[in-house]
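Protein chains in written order, with this note's numbering: chain A, 172 to 868; chain B, 11 to 170; chain C, -2 to 437.
Hints listed in this document are in silico derivations from the structure and should not be mistaken for laboratory results. There may be inaccurate statements among the hints.
Think about it this way: if two alpha-carbon atoms lie no more than 25 Å apart in a straight line, the pair counts; the simulated SDA-like pairs of lysine to any residue are [what the hints assert, rightly or not]: (1) Lys61/B to Asp595/A; (2) Lys409/C to Gly344/A; (3) Lys64/B to Leu601/A; (4) Lys334/C to Glu22/B; (5) Lys386/C to Arg254/A; (6) Lys158/B to Pro197/C; (7) Lys238/A to Lys409/C; (8) Lys308/A to Gly75/B; (9) Lys189/C to Gly344/A; (10) Lys590/A to Ala60/B; (11) Lys79/C to Glu30/B; (12) Lys862/A to Lys64/B; (13) Lys87/B to Arg133/C; (14) Lys38/C to Thr8/C; (15) Lys386/C to Glu301/A; (16) Lys418/C to Glu105/B; (17) Lys386/C to Lys862/A; (18) Lys265/A to Lys409/C; (19) Lys238/A to Ala312/C; (20) Lys238/A to Lys38/C; (21) Lys64/B to Leu863/A; (22) Lys238/A to Gly382/C.
The structure presented is a predicted model; accordingly, all values stated were derived computationally and were not measured.
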Amino acid sequence: MMTATPTEVTTVTLSINGQSVTAPAGTLLIEVCKKLGAEVPAFCYYEGFSLQAACRMCLVEIEKFPKLQASCTIPVSEGMVVRTESPAVVAARKDMLEFLLSNHPLDCPVCDKGGECELQDMTFRYGAGESRFTEIKVHTPEKQWSPVVFYDAPRCILCYRCVRVCDEGLGVGALGIQYRGVGAEIIPNMGDHLNCDECGACIDICPVGALTSGAYRYKTRPWEMNHVGTVCTHCSNGCKTTLGVRTDEIIRGNNRDHSGINGEFLCGKGRYAFDFNKHEDRLTSPLIRKDGQLVEVSWSEALKAVATKFSETQAAGGSFGVIGGVHSTNEENYFLQKFARQGLKTANIDHQRTGDVPALLDALSGKSDVLATTDDLYNTAAALVIGSDLAQQHPFLAYQLRANGRHHNARVYTVTPGKVREADYAAASLIYGSTAELFAKLDELRDRLKAEPELVILFSDAVKGADVAKLVAYGDSLGIKVKYVALVDYSNSRGALDMGLLPTLGPGYHAAPVSGLAAPDMLAAGLDVLWVMGADPGKGNAKFTVVQDMFLTPTAAAADIVLPSASAYEKSGTVTNVCGQVQKLKPAVRTMGTKPDLEIMGLIAREMGLNLGIWTHDHVLTEIRSSVAGYNVPLPVIQTGGAAQAQPVNGRVPLDGRPELVQSAQDTLFTSGTLGRYSKALTSVIEYPGKLYSDNQ
Amino acid sequence: MTFSPDLEARFEKLVASYPEGRTRSAVIPMLMYAQDELGAVTPELVAEVAKRCKVPPIQVEEVIGYYSMLHRKPQGKYHVQVCTNISCLLVGGEELYHHASKKLGIGHKQTTADGIFSLEEVECMGACSWAPAVEINYDFHHHVTAEKLDVLLDSLKKPQ
Amino acid sequence: MLFNEPHPLETRVLTKRMHEPGYNGTVEAYERYGGYKQFLKAVEMTPDDIIGEVKTSNLRGRGGAGFPTGMKWGFVPRQSPKPKYIVVNGDESEPGTCKDRVLIENDPHLLIEGCLIAARVVGAERGYVYIRGEYRYLIDIMERAIDEAYRAGWLGKNIKGTGINFDLRAHSGAGAYECGEESALLESLEGKRGNPRIRPPFPAVAGLYASPTVLNNVETFAAVPSILEMGGKAWADLGIEKAGGTKLTCLTGHFNKPGVYELTLGFPVEKMINEVGGGVRGGRKMKAFIPGGSSCPVLTGDEAWPLNMDYDSMAKAGSMLGSGGVILMDETTDMVKAALRIMHFYAHESCGWCIPCREGTAWLKKLLTRLDAGSGSARDIDLVGDLAKNMLGRTFCPLGDAAALPTMSIVKKFRHEFEAKLSRPVSVPVTSPDQLVSLG
């Protein structure tokens, strides 16, 4: 991990509840207390955001101070004597709660937050169980600000967390405060509704039930759900989303324990766009084309039909083409290419390429520690974003950079085809027209970047093919430590590359023994069989098409056999994010009639009598770990929900010279390929489908 | 949105009154003066002030409800503000307010049907030594009695 | 022109010009009466010497908090590369206070000269006079005076060849008591909601636009020219030890002759009421006395009579000198109603930032409304005292204390008046079902 230049830190020694503790001077008392285990309650204080000192819950007793002090704004100093649970402190907290509860509706029995509410927890801890309030409470009706955000002002305790996470965290600033005194309340930026990222960070950060999720509200009680922490299956950033599951149904997605690489971040896709999973158009039965129509058949009939077709075609010396998925697991993609290359003996294998990772790895040959992680984005002294509207296309990466700017004064430079949100705090924001102009703009920045101690360069598909090597040469010319991120689109776009879903490259970017056709060529080659797993490349001219998918995509609709597959929220396996960090999926639900792609492939292989090894995710992962360079990731890390970065190659990569095949789909915050089209949450917001480079913040 | 030449001149001076990049400082005075001309803070005014002060509209919205002199609904041609805070209360401010309310037939923050008067019971307006005090629009009236108020309101009601 | 008949017991220092025949507060008139000479004197002095004189004068902030002005100016990091600002707090809104109005209305150039001297001390090139929105006519007066000063060369670039540049502007508030609190005023001046800021850093170090800022009350700035004129020592000697000079004192409430009078610090309360203020209205007894605005703890008449009008004397008696807004209540005063009206004000003016003030003032207002209307219980009286105590010292800014202190003192000292208004005998339990219904 890169760190900012260390500065001289002096430490002070103080006493907290009789325990002596040493901490860097200037650290906030509340943080020092927390580290010591003397937890000081707070509603408004939230690590990483600006200080408010508004809730007065964190009052503590400090010797020599005549009054109780808010520990969230007091820096520790030498010799301080602090008591965090003295009778005066406990009484003050109880009194603050009594004030807070005076106008609070106490509708806990029906409040979404009941059971995981910080106000409930504090009341439980400090009392104020009896109310002396016998007046009429202030009441205003609940408001709906968007399909996914509701605000109930009477429940609001005005901690301003939502305002800050939106403004400081996301850079959106869609929330404000209206009125004053006891009538003060939060307001949305469009008067009566929101126009924002619809990320729901405000809901997540709300300590009470004031901000609730349109997708979740009044559906269940938190303790009735199982909470399954898995990896979001939309974009490539690899955020952890915790799926709340009741009776085989995902009720909500949120960021329950902040244990993922994404910390407190989650965008609307991770939070709401799980709903594609139970869309009524979800395929739940295999389909076979009979008399021109796709008709529902049993799994055994469908599998037998596929196996028979594959075997007969192989026996007849027919041609195959295989296209894998960018949401499929590493295990599935590995198994798919193995099936294709060893089982079907075809070299025609590809997937939807969205970023030129092979060219980057080739250009970085011989260098080590040059691939940035999401942590690096938070810690680097400087970052350069090329050709991406990061806040739209890679929202977590954008969040990391913004947090880095806010906390460490990191400099962010952007070179993009249009205005991006980063411009509001960037050290420099340049706009380019053509790729040639892009490099000219980089030259303009050269001297400023040379003055930086280190740099992370993030680049989109705007830089591909030979330009990638040119970019790395540019990085080398700066004379500073540079790390890179080749931006790719989807949850396992990176894994599909690493697992060798390319016509010229096998797993780990080794040259495939035989080169095959790329996806567009396969579609046009009149192949005997085209096998598509979790992709929608369109109707080609293959004589027979087999599709595994969750939905009847245009490709599936034109296919001869369609096998309903399980979603990422229904299976195990690993995925690799845009920074090469490998994480494990955890199945949350099952959808009757579907099967995970790995199981489907295994069953086809069995029907064909092929021995491709045991087809469980664990076994395939074992094989990947032993055969794909860099994927020997520590199992305890990923088994426990952590992320481990894989650097799959350090050497020259034989490139196929087809950079034109690398095309980002240019999804926004509100689109996500097929999955996005089937998410009613995403398509219901006014911002849908969104537009890149139109940031008006 | 354009304003009267006087107000445009004032705004030009106002925006130039603050250091470079600090035009947000002009938001509150601009709202005050524009409100006087328009009669209320309208949604169009919010957008206009946001544009002129180079801030997101929500930052303008935030201050409107905070400051008690900014109002979204038009007030009467004569906005009668009667102070009932402690110093005025002691010398009949409350009775004066009730008298005004009865005379005008309207209550707190209400406007007469003809739009001529609106009434507000206000907090201390800084006329404590000359209490009870009434402020009509921006004109202070001191040592006000019910009789003096009657004369004053009657004179305002006459077409001028 | 707004002022009362001068009283012989007054010591007219800040207000000396405004009673001169024909004095109209224009720049010409101000200059004619020796105006702006102290600024020119300040130019010849070093900043440290000026601060020294102000310290010697024992001038304490006239807005209510009474912080020593010289010390405050000394906190400004003059070497900082950031621009410095002068900000005048003319948001006079403490109930019972109407003195800054007199100064701005009658002698605005005195304030400008005070600002110029402060600007000279810290090297500020910009200043703002923040005036509450209700005082629109004063903003107009201030703007006219500023225009005059520019024309006469007392503002702008290279003032009178001194090499000093200083721009001053009047800035309108829009109705918020909280903006009288200095950090909230700065927020407001920056175009935001008037929520107070976390301190430290104090405005002297990080004030307007996070830059070093001299922020004082109108009267404080207006006192500075006379300090340089008389010398700090002579100015201090007008008052008493630790509190120099004069104070514009607003006599409000049940005085026979209410008005704004300039009295020396330490002026006896008895003399102030009976001689300057012409005695208690109608020759009645004084029931209660608030020395400096409604935020101060209320004193009973008996407590107040022997005191002097200065910081220490009032503090010893359990109250504060505050802003100089004296509120006198005679024996006819309904103290429950007074407590309610005071709390009504704080509940209306609470900015809502912190929990105890936001919820506490609103709750107390409802409780006091019931008690005043005769539908309270004995327990409610205790609750009023208890809630006020629970706010005290725990709120983000002093507004919570300002609401709590008068309330606590009234409940304590005039409890019998609350009891006299109870709806039923004190012994009836409040949990009886009919009462719960009647409370709504």
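> Quick check: which numbered hints come out false for this structure?
Replying inline: Violated: hints 2, 4, 6, 17, 20.
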